[in-house]
Amino acid sequence: AQSVTQLDSQVPVFEEAPVELRCNYSSSVSVYLFWYVQYPNQGLQLLLKYLSGSTLVESINGFEAEFNKSQTSFHLRKPSVHISDTAEYFCAVRVSGGYNKLIFGAGTRLAVHP
Amino acid sequence: EAGVAQSPRYKIIEKRQSVAFWCNPISGHATLYWYQQILGQGPKLLIQFQNNGVVDDSQLPKDRFSAERLKGVDSTLKIQPAKLEDSAVYLCASSFTSGVDYNEQFFGPGTRLTVL
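Heads up: the protein sequence lines correspond to chains C and S, in order. Here the working numbering is used: position 8 in the first sequence is 9, and no number is missing along the way. Here the working numbering is used: position 100 in the second sequence is 107, and no number is missing along the way.
If you are wondering where the hints come from, they were derived from the structure by calculation, not from laboratory data. Among these hints, one or two may not hold up.
Simulated pairs of lysine-lysine, BS3-like, Cα-Cα distance not exceeding 25 Å [as the list claims (entries may be wrong)]:
#	chain 1	residue 1	chain 2	residue 2
1	S	K85	C	K102
2	S	K18	S	K85
3	S	K51	S	K85
4	S	K22	S	K69
5	S	K18	S	K69
6	C	K102	C	K70
7	S	K90	S	K51
8	S	K85	S	K22
9	S	K18	S	K51
10	S	K69	C	K102
11	C	K50	S	K51
12	S	K22	S	K51
13	C	K102	S	K78
14	S	K51	S	K69
15	C	K102	S	K22
This is chain C alone, in the form it adopts within the complex (with noise of 0.2 Å):
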C-alpha cells in the first residue's frame, strides 16, 4: 500500500529566508507526485506535480521539488519566501494507472515571521 510521510508537522521560517519541507513516499510501483497548499479558510490548490520527465518541477511563484526515486522523495524547496506563503503544504502521491486516487500525507504548518 501507498503513503507519504511529511517529516515536519510545522516549519517556522523567517521572511526572505530558503525553506525545504520534506516528503519522503512508499511505493512499490510507479508513482505520480504532488504539492497542494492549503490556505486559511479555503481548499487545497495544487502547487505542483511530477509525471514523467524531468525530475525538477517548478511552480510559477517561485517553489521548486525534486523527484527522488532511490530516496523516494520529493521536497518541496523556495530559495527566498514571503508573508504570503504561510499555509499549509501537503504532499501526495498517485500509484500510475487506477482511478486517479490520491494519498496525502499529514501536511506541513509554513510559518512565515517578518
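Once you have looked at the hints, place chain S on chain C.
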C-alpha cells in the same frame, strides 16, 4: 471559470443526528471526489464517482455514510447517525476523467462539521 461549490460551509450538530453536504463540481468534470480531513491530518478519500457511478468507496464507513450523484453532476454526502469522531472538514473535488489535465483535482472550500 467557476470553481467547486460546497454548502454549507459550517455545520454544528449533536451526536446521533443526521447531516448532509452538497457539492457542485466544475462544469465538464466527470469525476467527483469526497474527502474527509480530520484536524492535524491530510485529506482521506471517502468516495470517488465517475459520472454517476462509484469507482472507489473502500474507505467510506457504509454503516453511517452514504453518497449519491444521481445525474452525474452535483453530489450529496450524508452521515446518519453522526458520531463525535466525524468532526472534520469534508472536501469535495473534481477532475477530468482523461486527457492532459486528468491528474489535477480541483478542491472546493470544504464544509467544517462539528459534532457535539
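To see whether the hints hold, each was checked on the structure:
Among the hinted pairs, K85(S) with K102(C) is consistent with the structure: their alpha-carbon atoms are about 21 Å apart, no more than 25 Å. Our distance criterion of 25 Å between C-alpha atoms is met by K18(S) and K85(S), whose separation comes to about 13 Å. Of the supplied pair hints, the one linking K51(S) and K85(S) holds, its CA atoms being roughly 16 Å apart against a limit of 25 Å. Between K22(S) and K69(S) the alpha-carbon distance is near 17 Å, which keeps this suggested pair within the 25 Å criterion.
For the suggested pair K18(S) and K69(S), the alpha carbons sit about 21 Å apart, so the restraint of at most 25 Å is met. In summary, the hint linking K102(C) to K70(C) is supported, as the alpha carbons are separated by about 20 Å, within the 25 Å threshold. At roughly 18 Å between alpha-carbon atoms, K90(S) and K51(S) fall within 25 Å of each other, so this suggested pair holds. Taken as a hint, the K85(S) and K22(S) pair is honoured in the structure, with Cα atoms around 14 Å apart against an allowance of 25 Å.
Among the hinted pairs, K18(S) with K51(S) is consistent with the structure: their alpha-carbon atoms are about 20 Å apart, no more than 25 Å. Of the pairs offered as hints, the one joining K69(S) and K102(C) holds, with about 19 Å between alpha carbons and a cut-off of 25 Å not exceeded. Taken as a hint, the K50(C) and K51(S) pair is honoured in the structure, with Cα atoms around 19 Å apart against an allowance of 25 Å. The straight-line distance between the Cα atoms of K22(S) and K51(S) is roughly 22 Å, inside the 25 Å bound, and the hint therefore holds.
At roughly 22 Å between alpha-carbon atoms, K102(C) and K78(S) fall within 25 Å of each other, so this suggested pair holds. Annotation: proposed proximity of K51(S) to K69(S) holds, straight-line Cα distance about 15 Å (limit 25 Å). The straight-line distance between the Cα atoms of K102(C) and K22(S) is roughly 30 Å, outside the 25 Å bound, and the hint therefore fails.
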